[in-house]
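Residue numbers (UniProt numbering), protein chains in the order written: chain F, 1 to 343; chain X, 1 to 77; chain P, 1 to 328.
If you're looking for bench data, these hints aren't it; they were derived computationally from the structure. None of these values were measured; they are calculated from a predicted model. Just so it is clear, CB atoms sit at the ideal spot from N, CA and C, and this is done for glycine as well. Some hints here could point you the wrong way.
What the hints assert, rightly or not - The following label-pair restraints were derived from C-beta to C-beta distances: (1) X:Q62 with F:P299: 25 to 31 Å; (2) X:P63 with F:F298: 43 to 49 Å; (3) F:K269 with P:F316: 18 to 24 Å; (4) F:G191 with P:K192: 51 to 57 Å; (5) X:V6 with F:Y205: 31 to 37 Å.
Said to hold, decoys possible - Think about it this way: if two alpha-carbon atoms lie no more than 25 Å apart in a straight line, the pair counts; the simulated SDA-like pairs of lysine to any residue are: (6) X:K44 with F:D172; (7) F:K194 with X:E14; (8) X:K58 with F:R10; (9) X:K53 with F:G82; (10) F:K194 with X:D10; (11) P:K116 with F:D172; (12) X:K44 with F:P201; (13) P:K221 with P:Y260; (14) F:K194 with X:E13; (15) X:K32 with F:D199; (16) F:K9 with X:P52; (17) X:K44 with X:V72; (18) P:K145 with F:G82; (19) X:K44 with F:D63; (20) F:K9 with X:G55; (21) F:K9 with X:R56; (22) P:K191 with P:K272; (23) F:K9 with X:D10.
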Amino acid sequence: MNAPLNRTKRNLTIAKAMAEAIAEEMRRDPSVLVLGEDIGKLGGVFGNTRGLYEEFGAARVKDTPISETAFIGAAVGMACVGMKPVVELMFVDFFGVCMDAIYNLAAKNCYFSGGQSPVPMVLMTSVGGGYGDAGQHSQCLYGTFAHLPGLKVVVPSNAYDAKGLMLSAIRDPNPVVYMFHKALQGMGWLGTVKGAINDVPEDEYLVPIGKAAIARSGKDVTLVGLGATVHHALDAAAELAKDGVEAEVIDLRSLVPLDRETVLASVRKTGRLVVADDDYQSFGVSGEIIALASEAAFPQLKAAPRRVAFPDIPIPFSPALERPLLPDAAKIAAAARATLGKA
Amino acid sequence: MAVPVVVPQDLWEEDLPGIVSAWLFEDGDPVKEGDLIAELMVEKTSYDLTAPKAGRLKILVQPEVPFQRGDVVAQLE
Amino acid sequence: MTPSQEQRRWMYRTMLLSRRFEEAIAAAYFEGKQPAFNMANGPIPGEMHLSNGQEPCAVGVCAHLDEGDFVTATHRPHHIAIAKGVDLKAMAAEIFGKQTGLSGGRGGHMHLFDAKVNFSCAGIIAEGMGPAVGAAAAFRQRGEKRVAVSFIGEGAANQGAFHEALNLAAVWQAPVVFVIEDNAWGISVAKKDSTSVTDNALRAAAYGMPGHRVTGNDPLKIFDVAGAAITRARAGQGPTLIEIETYRLEGHFIGDAEGYRAEGEVVGLKAKDPIAVLRQLLLQEGTIDVAADVRIQAEAQSAVAEAIAAARAAPFPAAQAAFEQVFA
Chain F
1 MNAPLNRTKR NLTIAKAMAE AIAEEMRRDP SVLVLGEDIG KLGGVFGNTR GLYEEFGAAR
61 VKDTPISETA FIGAAVGMAC VGMKPVVELM FVDFFGVCMD AIYNLAAKNC YFSGGQSPVP
121 MVLMTSVGGG YGDAGQHSQC LYGTFAHLPG LKVVVPSNAY DAKGLMLSAI RDPNPVVYMF
181 HKALQGMGWL GTVKGAINDV PEDEYLVPIG KAAIARSGKD VTLVGLGATV HHALDAAAEL
241 AKDGVEAEVI DLRSLVPLDR ETVLASVRKT GRLVVADDDY QSFGVSGEII ALASEAAFPQ
301 LKAAPRRVAF PDIPIPFSPA LERPLLPDAA KIAAAARATL GKA
Chain X
1 MAVPVVVPQD LWEEDLPGIV SAWLFEDGDP VKEGDLIAEL MVEKTSYDLT APKAGRLKIL
61 VQPEVPFQRG DVVAQLE
Chain P
1 MTPSQEQRRW MYRTMLLSRR FEEAIAAAYF EGKQPAFNMA NGPIPGEMHL SNGQEPCAVG
61 VCAHLDEGDF VTATHRPHHI AIAKGVDLKA MAAEIFGKQT GLSGGRGGHM HLFDAKVNFS
121 CAGIIAEGMG PAVGAAAAFR QRGEKRVAVS FIGEGAANQG AFHEALNLAA VWQAPVVFVI
181 EDNAWGISVA KKDSTSVTDN ALRAAAYGMP GHRVTGNDPL KIFDVAGAAI TRARAGQGPT
241 LIEIETYRLE GHFIGDAEGY RAEGEVVGLK AKDPIAVLRQ LLLQEGTIDV AADVRIQAEA
301 QSAVAEAIAA ARAAPFPAAQ AAFEQVFA
């Protein structure tokens with residue numbers, strides 16, 4: 001069925017939605033600036049700063065040397081004196097060379113200063129694999145960042161949320177780690193999950209940090225995902241629907257703060273829980289969500305919760321090794337059926 | 001009258017084939033003049049394709065199918 | 001650049017204030033830790049790094065700064081905090097872990113923040129350098145005349161953060177001055193055993209910025225070199241690296257047995273205590289007379305006594321306060 005001609009719809013990729021959000025904030029607020037590797041003339045390796053250099057110039061869109069320790073540390077200093085830096089860590093896997101500035105300064109300055117020196121900065125970083133880049137360029141590390149107090153952490157799964165979360169992140173007075181998944185980004189060379197491209201209003205709107213979304217309603221089983229696994233969970237839900245199983249899909253969107261209420265309300269309703277996460281399985285998001293359900297919705301659980309996550313091994317290069325290990329719709333659907341006793 | 005959506009001859013310089021990496025509208029969707037309707041890719045570089053006029057989008061070239069500069073990849077009806 | 005008489009008196013007063021403060025902190029620190037030294041006991045738990053002997057670095061540099069200038073210091077921060085104008089009472093209370101402390105007891109002696117005077121310090125080696133570059137870059141971008149100064153120890157010159165920060169500061173022509181307090185020891189490891197050059201100021205050349213080494217732990221020489229560097233930064237001429245020869249009269253932290261020092265080293269250092277040297281000079285040149293000296297000493301003593309007494313009397317934060325200020 002075709003939509004009427006007067007419908008205002010504008011589909012964007014996550015890359016473009018991020019760039020648009022940053023541009024809007026830069027126009028509105030002169031203290032916003034962007035820094036990182038290849039974010040200037042190149043427009044970002046993942047396209048999320050395209051057009052900013054041309055509009056705002058080198059002073060506000062700063063290409064940096066390959067010195068993550070220095071420039072993320074510099075972003076903290078900028079934030080301390082009234083700027084709002086949006087700084088890019090090109091791949092989250094690179095955190096090993098700069099984590100001190102992130103978790104010892106950005107995350108702790110507000111606390112250690114008794115609130116005198118909050119750190120309003122956004123650290124945007126690409127995550128995820130599945131395209132044969134091996135274990136130094138394919139990790140998610142959601143749990144690693146969400147584990148550390150003092151950082152907010154968001155993970156958009158689609159362009160609409162990508163823009164609204166970026167606007168919220170820049171306006172937040174705290175450090176926000178903005179983790180965008182390469183498989184959703186809309187760069188042709190990385191392949192793009194179609195569901196990540198959606199209608200993005202040109203006007204400003206905020207997607208609140210700390211609020212999950214119900215991506216699909218259902219009553220039989222709760223599927224919790226974030227980033228790429230939201231789309232796998234939606235595909236799984238469509239598959240399950242053919243068998244008459246109504247799965248509810250929750251897109252966490254934020255890890256810190258975690259929207260515990262939305263997760264718990266769903267689990268209390270369905271009594272069954274599957275968590276899908278392409279980060280490592282142990283000590284991470286999937287365990288946290290299951291612990292939450294166990295602690296706060298135990299009486300309503302009708303079956304042991306299940307998880308579909310990346311096993312606890314470095315991410316291998318060969319597609320023959322990597323792809324079978326990644327979460328997908330079939331694995332999520334199988335886990336859901338297991339909670340329903342239909343395995 | 002249907003207007004063809006032509007990939008501009010000067011969108012990229014070398015004589016290389018391009019592909020549509022993503023149509024940003026569904027076949028049959030209405031679009032406005034100037035809307036970004038597709039992202040194209042030549043090797044690893046992305047290019048934007050915008051609608052030359054308002055109309056209903058008819059997609060002629062599916063994603064990942066190669067075309068040359070100057071080719072018609074869609075129509076606006 | 002030569003300090004005026006008023007600046008000399010300020011330098012002397014400030015060095016004395018810092019010394020008296022640390023003596024009082026050291027005395028309080030030992031309470032509850034004798035005869036058995038348990039770091040968790042007493043009114044001031046945790047590590048305690050004293051800067052006794054290094055006061056010239058703080059005053060020689062901070063004499064050129066005002067409240068708007070941004071300073072990052074190290075795990076050995078008291079002398080710099082005092083010279084930068086951090087509130088002494090709030091700082092003492094913080095070190096005692098009290099509610100009235102700079103951050104209500106959340107940070108302690110290694111994490112002192114006073115946003116009013118743009119001072120902070122941190123416990124990780126070379127950690128303050130990146131933020132100083134960023135603050136300086138922000139000042140430059142906004143067309144302000146403010147500068148940033150990052151104090152580090154000589155051990156920090158072997159950290160990756162040091163080299164990255166110098167390079168970034170030079171690339172951005174940020175108005176920042178890096179000040180190395182070379183006290184010759186990285187805990188127990190001598191500079192000659194950890195650093196490939198004797199003079200870290202030489203490393204400035206690798207980043208296309210001026211580098212200066214100041215010998216003798218002399219506040220007047222430090223004032224001169226730092227003044228030129230800060231003037232240069234304010235004029236938009238970019239960063240400078242300064243290494244100051246200084247020394248700590250105490251161990252790395254209180255409780256350090258200092259077995260790594262040569263015999264007689266500390267005795268020799270105390271014999272050339274920079275405060276005594278400056279007092280002598282100021283008396284000789286007539287910048288102060290004996291009566292003024294007595295008054296300055298008494299004022300330092302009473303300011304410290306007042307701050308320490310207030311810190312002791314202040315309430316501890318409520319346990320629930322631990323959960324506050326994680327986020328703004």
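Against the structure, the hints come out as follows:
no.	hint	result
1	X:Q62 with F:P299: 25 to 31 Å	violated, 51 Å
2	X:P63 with F:F298: 43 to 49 Å	holds, 46 Å
3	F:K269 with P:F316: 18 to 24 Å	violated, 45 Å
4	F:G191 with P:K192: 51 to 57 Å	holds, 56 Å
5	X:V6 with F:Y205: 31 to 37 Å	holds, 34 Å
6	X:K44 with F:D172	violated, 34 Å
7	F:K194 with X:E14	violated, 29 Å
8	X:K58 with F:R10	holds, 16 Å
9	X:K53 with F:G82	violated, 44 Å
10	F:K194 with X:D10	violated, 28 Å
11	P:K116 with F:D172	holds, 22 Å
12	X:K44 with F:P201	violated, 28 Å
13	P:K221 with P:Y260	violated, 29 Å
14	F:K194 with X:E13	violated, 29 Å
15	X:K32 with F:D199	holds, 14 Å
16	F:K9 with X:P52	holds, 17 Å
17	X:K44 with X:V72	holds, 22 Å
18	P:K145 with F:G82	holds, 15 Å
19	X:K44 with F:D63	holds, 21 Å
20	F:K9 with X:G55	holds, 13 Å
21	F:K9 with X:R56	holds, 12 Å
22	P:K191 with P:K272	holds, 21 Å
23	F:K9 with X:D10	violated, 28 Å
In the structure shown, a violation is registered for the earlier hints numbered 1, 3, 6, 7, 9, 10, 12, 13, 14 and 23, in ascending order.
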